[in-house]
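Novice: So you can see what is in the structure, the chains are spelled out below.
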Amino acid sequence: MKLPFRIQLTRRTEEIPKWMPLATSVGAVVAAFIISGIVLWSIGGDPIRVFGFFFRASFGSWGAFSDIIVKATPLILIGLGCSLAFRMNMINIGAEGQFYMGAFFASLVVLVPLVPMDSPRVLVLSLMGVMGILGGAVYGFIPGFLKAKFNVNEVITTLMLNYVAVFWNNYWIFGKYSDAGFQMTPTFEKVAWLPRLADLAKQYPVFSGITLHLGVVFGLVAAVVLWLILKYSRWGYEINLIGDNPKAAEYAGINIARNMILVMMVSGALAGLAGMSEITGVVHRLQERISTNYGFSGVIVAWLAKLNPFVVILVSILFGALIVAGREIQPSGLSFMIQGTILFLVISSDVLLRYRISIVKRQEEIA
Amino acid sequence: MSSIGQENNFSVEMHDIVLRFPGVLANDHVNFTLRRGEIHALLGENGAGKSTLMNVLSGLYRPESGTIKINGKTTIFNSPKDAIASGIGMVHQHFMLVPTLTVTENILLGLDEPKFIMNLPKYNSKIGELQEKYGLKVDPTAKIWQLSVGEQQRVEILKMLYRGVDILILDEPTAVLAPQEIDDLMETMSALVAQGKSIIFISHKLNEVQQVADRLTVLRKGKVTAEGIPVEGLTRTQLAELMVGREVIFRIEKDLKETGEVVLEVSNLSAENSRGLPAVKNVSFTIREGEILGIAGVAGNGQSELVEAITGLRPCTGSICINGQELANQSPRAGMKCGMAHIPEDRTGVGTAPNISITGNAIMKNYRQDPISNGWRINYPAADEHASGLKDLYDIQAPSVNTQARKLSGGNLQKLILAREISCDPKLIVAMQPTRGLDVGAIESVQKLLLEQRSNGAAILLLSEELEELFELSDRIAVIYEGELVGQLDADQADLNTVGMMMTGSLRSDE
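Chains as they are written, first to last, in the working numbering: chain L, 1 to 367; chain A, 368 to 878.
Since the hints were made in silico from the structure, they are not lab data.
No incorrect hints appear here.
DSS-like cross-link-like pairs, simulated, lysine-lysine; straight-line CA separation at most 30 Å:
no.	chain 1	residue 1	chain 2	residue 2
1	A	Lys704	A	Lys815
2	A	Lys774	L	Lys247
3	A	Lys448	A	Lys493
4	A	Lys774	L	Lys306
5	L	Lys247	A	Lys794
6	A	Lys588	A	Lys440
7	A	Lys648	A	Lys510
8	A	Lys774	A	Lys590
9	A	Lys588	L	Lys18
10	A	Lys774	A	Lys588
11	L	Lys247	A	Lys510
12	A	Lys590	A	Lys572
13	A	Lys648	L	Lys247
14	L	Lys247	A	Lys704
15	A	Lys704	A	Lys794
16	L	Lys18	L	Lys231
17	A	Lys704	L	Lys149
18	L	Lys231	A	Lys704
19	A	Lys648	L	Lys149
20	A	Lys436	A	Lys588
21	A	Lys448	A	Lys588
22	L	Lys18	A	Lys774
23	A	Lys590	A	Lys440
24	A	Lys815	L	Lys247
25	A	Lys504	A	Lys489
26	L	Lys231	A	Lys774
If you're wondering where the values come from, they're calculated on a predicted model, not measured in any experiment.
Working from the sequences, and respecting the hints, build out all of it.
Specialist: This is the structure in structure tokens:
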């Protein structure tokens with residue numbers, strides 16, 4: 001049995017309008033909510049009420065909104081790092097491990113301690129930032145070097161190194177630096193806490209209880225810097241060239257091996273900074289599960305943002321909202337379902353950019 | 368076949384076809400007819416709209432307006448499958464075969480025919496019969512990777528014949544073939560029409576068109592400039608004029624010039640191919656300022672590896688000196704610093720980055736230098752200016768410098784590469800197959816540009832499979848056979864016959 005019509009994809013021969021990529025992505029997000037609504041309805045829920053609650057739980061108050069930004073902060077940094085690597089076709093899915101290593105290195109400043117804990121706050125935090133960046137960069141260097149020198153698949157190495165980092169972290173928090181046998185270190189001194197808006201509550205009472213911390217500024221600055229690099233710098237040109245045609249890049253005299261290592265290090269450094277920001281801004285100690293899969297969500301954020309630094313910020317906020325709302329709603333899997341549907345639809349919506357879809361009636365069979 | 372078709376003389380009638388791409392009218396009210404049992408040549412410069420027209424006929428594109436009649440019956444194709452169902456099959460320039468499968472397996476791919484059990488011997492003999500009928504010799508049990516390019520092409524043709532195709536479209540079938548293989552193909556084509564098939568033959572090469580075609584249609588900038596005129600009696604000059612729209616000079620004037628200092632000195636150079644087998648064996652030669660050394664050879668005799676070793680893209684042993692500086696096993700960057708320009712064989716795979724703009728491609732070699740580079744930053748306004756300067760000077764046809772490279776036709780892409788390489792004011796130009804696949808107009812300008820550089824004192828290493836081109840451009844000719852240079856001759860003393868024999872390994876100059 002054949003349908004009387006068929007859906008036909010024709011390759012677009014014309015230039016697509018500038019607004020179209022954005023429109024299809026937004027359309028895909030909307031469609032994801034509609035599909036999730038249908039699923040909700042089919043199991044007896046009221047989609048309108050659920051989404052209304054969802055929205056209030058995430059954007060309904062300054063406190064909730066600040067929570068969203070706090071959740072979005074590591075996603076922004078990791079998403080940026082992944083976008084950079086993906087631009088060069090380096091599939092870095094090791095942000096989770098680089099995040100842990102960044103957090104670990106940064107903690108050393110307090111745990112060893114590398115500087116006396118009565119040093120100025122600026123010094124302690126700057127040093128922690130540098131250590132976080134260094135930890136992530138070193139951890140990005142390993143797969144970058146293996147890929148550049150021995151052509152080892154970075155998907156495998158980055159993935160596996162994630163587990164190593166988690167267990168490495170566990171070793172130190174269970175063993176050497178454990179707080180009375182719990183799987184966490186003692187809470188850091190206040191000099192190692194990133195400033196929060198709540199700190200200003202004495203002067204400005206509106207800020208009381210607002211958890212937003214300085215880490216988000218790291219994310220915003222990183223986005224601008226990355227955008228400048230990709231759009232205007234020689235290095236950005238080289239990255240785009242390698243990403244588009246590595247053979248042409250080699251022919252143009254670009255050292256591909258060096259760039260592979262460099263890009264993986266910067267990508268790791270951003271994830272490491274995210275780790276530092278999370279322990280100094282939110283957790284205030286090194287412990288188990290400091291990341292709720294930020295490293296993997298960051299990969300998704302990068303793809304959804306189509307590797308554009310500014311869109312990474314927007315997508316991270318959307319994901320932050322889903323995480324925050326997910327806390328307030330039962331079953332909590334709902335926000336994961338929406339996340340998954342969004343990812344699926346946004347990535348498939350690319351087809352619309354490349355093909356025109358039309359429905360045609362079947363021709364009579366041609367003799 | 369439908370009953371109307373019997374009275375109709377035409378297998379294909381395309382009428383008033385219009386198709387637009389961004390910024391270009393690729394087919395501007397094109398008419399095209401194919402008679403049953405004829406070879407109809409379709410000529411035109413790169414980007415003239417030939418491939419577009421044939422993609423319309425084979426169901427890949429749908430025209431904006433116009434009608435297609437097959438055997439007198441109006442049809443609309445929604446996919447290549449529809450086209451094959453009505454007897455039209457296209458053999459593309461780039462083969463679509465699975466290298467690890469056998470000939471028979473490749474032919475059966477995509478058919479519904481062996482429902483469940485693969486009875487290979489049965490199909491082998493079926494394909495054998497087909498070969499017998501049309502004289503297309505190739506072992507059905509051989510794997511594709513074991514076959515020469517010419518044999519692979521025969522498999523593509525067999526694939527179409529097996530599907531019962533009556534109208535064959537051959538898209539520049541000779542571009543990839545060696546001279547002997549071209550002769551074989553011509554015979555095959557004659558055999559096919561003798562059996563009642565019709566052939567559309569897309570080509571750039573005027574002599575081949577004259578050799579096999581009955582009628583020809585010429586496209587220029589999307590429009591038909593000659594519709595179905597008989598080939599007989601046309602001269603080569605007339606043909607070229609129809610294609611290019613102006614007179615084309617076939618003899619190239621080459622000024623006599625004293626050569627200067629040695630620029631490139633290669634001694635005892637050896638290199639391996641990607642499979643680790645020796646590909647270049649102990650090669651030595653020199654090129655002086657203002658001299659073109661042509662290297663002749665059948666494809667796959669070590670030319671690619673030789674060029675890659677010289678340009679720093681492949682490890683090697685031996686010595687490569689430019690103006691006294693050793694470059695063997697150095698990076699491509701080192702060669703560029705010594706004034707080496709490289710026109711690669713693969714202009715889409717190596718020479719350009721497809722999704723990057725013309726500007727981005729134009730600055731590939733000089734983005735590190737003033738005024739394009741401005742410290743850590745690239746001065747994009749200056750880069751755009753540089754690119755549009757090249758675009759105007761070398762007549763690169765594109766809507767703007769922001770156009771992506773993949774949207775350029777082969778000829779324009781090659782002009783972009785040449786423009787980029789020459790703008791760096793090179794002392795040595797390594798050019799591999801610089802005119803392959805280009806139309807006469809583009810060939811003429813590429814050759815002129817190379818000779819201009821020669822007059823400016825550049826040393827040029829030219830590798831080409833077109834003997835005629837080598838003879839016209841080169842001052843000296845060397846022949847490469849199985850990775851060895853088997854002879855070096857002065858161009859005015861060399862004759863086609865000697866070089867041809869050297870190319871096939873049946874003669875060495877030192878014997």
